[in-house]
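Heads up: the protein sequence lines correspond to chains A and B, in order.
One point on numbering: in the numbering used here, the residue at position 204 of the first sequence is 204, and numbering is uninterrupted.
One point on numbering: in the numbering used here, the residue at position 183 of the second sequence is 1183, and numbering is uninterrupted.
In case anyone wonders, no lab produced these hints; they're calculated from the structure.
There's no promise every hint is true.
Just some of the chain B residues that point at chain A, by a computed CB distance under 10 Å [unchecked claim]:
(1) Asp1092
(2) Ser1171
(3) Ile1178
(4) Gln1179
(5) Phe1180
(6) Pro1234
(7) Thr1324
(8) Met1326
(9) Gln1407
Calculated Cβ distances over 12 Å to all of chain B for the following chain A residues [to be verified]:
(10) Leu9
(11) Val19
(12) Glu146
(13) Trp168
Think of the CB as a built atom: it goes at the ideal place given N, C-alpha and C, for glycine as much as any other residue.
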Amino acid sequence: MSNYVINHLKELESEAIFVIREIAAQFENPVLLFSGGKDSILLTHLAKKAFYPAKIPFPLIHIDTGHNFPETIEFRDNLVEKLGVKLIVGSVQEAIDKGRAKEETGADASRNSLQIVSLLDTLEEYKVDAAMGGARRDEEKARAKERFFSHRDEFGQWDPKNQRPELWNLFNGRKNYGEHFRVFPISNWTEMDVWEYIKLENIDLPSLYFSHQRDCVVRDGVILANSEFIKLKEGEKVENMTIRYRTCGDMPITGAVESEADNLDKIIEEIATTRTTERGGRADDKRAETAMEDRKKQGYF
Amino acid sequence: MNYQDIELLRFTTAGSVDDGKSTLIGRLLYDSKSIFQDQLDAVEQSSKSKGFDYVDLSLLTDGLKSEREQGITIDVAYRYFATPKRKFIIADTPGHIQYTRNMVTGASTANLAIILIDARKGMLEQTHRHAFIASLLRIPHAIVCVNKMDLVNYSEEVYDGIVANFKAFSSKLGINDIQFIPISALNGDNVVNRSENMDWYQGSTLMYHLETVHISSDHNLIDCRFPIQSVIRPHTLENQDYRGFAGRIDGGVFKPGDKVKSLPSGFVSTIKTIELNGEQISEAFAPMSVTMTLEDEIDNSRGDMIVRENNVPEIGQDLEVLVTWMSTKPIQARTKVVVKHTTNESIGMVKELKYKIDINTLHRIENIDKVEMNDIARMSIRTAKPMFYDAYKKNRQTGSLIIIDEQTNETIGAGMII
């Protein structure tokens, strides 16, 4: 390496590790929001690298909607054991049982927006002052304006017009009592960067991301896994399809893609030629043009 | 395509209202095939519902509700695209007068600035401002795009006139590398594909410049600076005595075996290892994040800096700073603030306001009693403890700081050390 240049993946890694270390240094009770998706798995991997040979110095929080893919939960538990890191589970079912959240009804009912209640309750219970997540700016137009250090008021809300300017590598995590931050160390990564890095670093992923056979229902052009959480509408039928997932949310709302890509090279090739965005299959984003922005203002991550 | 081995280029775009900046970004994304079908469908649909006869590519970059309602960009938005040669991050900043703070924010991390000029209007006050900010923030490269050439019949004369005007102005600024390109973002002339309408232009396209501009010497590789973020102490049986200093290199090249000095203690030691995740690194340079161990047990902590024994930064409590004011609340002399510089933080006092710079004429305005939002002013700041810093022109990381309001904790100023 004579010309002192690092490639873009190393530069993104370096930036993310810098941000993760800033979180650990600037906050008293940081946590990592672990969804079980590839982005939060990547984030956990970067956190491990940031503090090695010490263990990750903060717990992982998983908001369990009760509608998760079983593969996600199994993967989560193995990862936590391997890293020797603490796991906190916030339960949406519990929030519903306690009357803190109200289940949506109808065939398109989802627990996606109910996560907000459980998330904010869990953050409050553990007095979390910084919650880091694997959100990326290329995912969605409201996220394109998100800061690395995103300030939330005492009600957990995001005010996009009153964001702190972020200059150079200087991240301002100072806050008043009761306020907290959401921090997004992989803000600058694209879907392609994530997959290339996963390949470069040989990071384990849940089997959902690779091509497999599954019973599915096609609803409004979106391929959904058939499960106990989904009610068939008139005219819908269950078909066995060869699919994989590009993102990993709740079973009833995460759309799959038909795909034969059963290894990382094939996935990367598929993404390079694909013509739809990865959240294109997310029913939660399709509710309105500003669905993500509205949820983020309320405290979604 | 060997995607794993490409460089990252961060650039900022600054333009005035209606000079086609969003269209240009839309064009770069569209012609580099970085737009997905569902994004394009959404844009086509909303162009149609607005009654446009063409697909308005600028809609691709409008982020938030209020912007889509008003049709203007109100905050820095980040966009991403890649070609087989490079990955690009665009900091898309609005051009309105009240948003100088956003332009400064976008410029602070950029390797390159695209400055847009409407061919019909030529140099505007806002163009002066954008060029000045690019030079103030020391963005190493600039590309001036004379846009809307289709609306001036692709006239070489119009283009040459604007280039001459810009050069006359920019000679005062000291931007080292400026390129000029005549384009039409709407029609795609000279953006990604060469224009068939301007055979008088012999230079390359915008995309070619973006892909080939030499950026490897943008970081300081001479003056070794390693601000410590935190100390890694595993407290495990096999690593009982491990003490690693975690941080990101801000300048120079560090190697195991180098003699180094710790600031502020002044203790000298030798680098034992430079590593990340247990992997040994033979040479570390900006902007790498690493963990460093030293031969001697030195009690360093966050905010300290590791440098070479014979090349130390300035050490002091009195800083002369050019500050962009970012808060709606003005500041006066003798105000207490918090100063954040590298990984170091200190209480400080704005001691004296020296002058403001009129960013249209570059003239100094002396005898000022306050500095307001979007002002750029020189001030003296005294910190409660010594800071280890370089001039901004020597190192953009160790020469920059932010000013934080002690009460609200808001970031209120962006400073470049003189």
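* Asked: Quick one, is the Phe1180 (chain B) hint okay against chain A at 10 Å, beta carbons?
  -> violated, 27 Å
* Supplied contact hint for Gln1407 (chain B), tested at 10 Å Cβ to chain A -> This hint holds: Gln1407 (chain B) lies near chain A, its Cβ roughly 9 Å from the closest one there, short of 10 Å.
* Would the stated hint for Ile1178 (chain B) survive a check requiring a Cβ distance to chain A of less than 10 Å? -> With a minimum Cβ separation of about 23 Å from chain A (threshold 10 Å), the hint on Ile1178 (chain B) is violated.
* Asked: Does Val19 (chain A) really sit off the interface, with its C-beta more than 12 Å from all C-beta atoms of chain B?
  -> Violated, because the least Cβ-Cβ distance between Val19 (chain A) and chain B comes to about 9 Å, which does not exceed 12 Å.
* **Claimed clearance of chain B by Glu146 (chain A), with the beta carbon kept past 12 Å** => violated, 9 Å
* Hint check, Ser1171 (chain B) versus chain A [nearest Cβ-Cβ separation less than 10 Å] -> violated, 27 Å
* Double-check Pro1234 (chain B) for me: the hint is only fine if its C-beta lies closer than 10 Å to a C-beta in chain A. => holds, 4 Å
* Interface hint compliance - Thr1324 (chain B) to chain A, C-beta minimum distance less than 10 Å -> holds, 9 Å
* Hint status (Cβ of Asp1092 (chain B) to nearest Cβ of chain A, threshold 10 Å) -> Holds. Min distance 8 Å.
* Is Trp168 (chain A) truly not at the interface, in the sense that its beta carbon sits beyond 12 Å from all beta carbons of chain B? -> Given that some Cβ of chain B is not farther than 12 Å from that of Trp168 (chain A), nearest at about 5 Å, it is violated.
* Would the hint on Met1326 (chain B) stand, with a C-beta cut-off of 10 Å toward chain A? -> holds, 5 Å
* Is the hint on Gln1179 (chain B) kept, meaning its closest Cβ partner in chain A is under 10 Å away? -> violated, 21 Å
The structure does not agree with the numbered hints 2, 3, 4, 5, 10, 11, 12, 13 stated previously, though it agrees with the rest.
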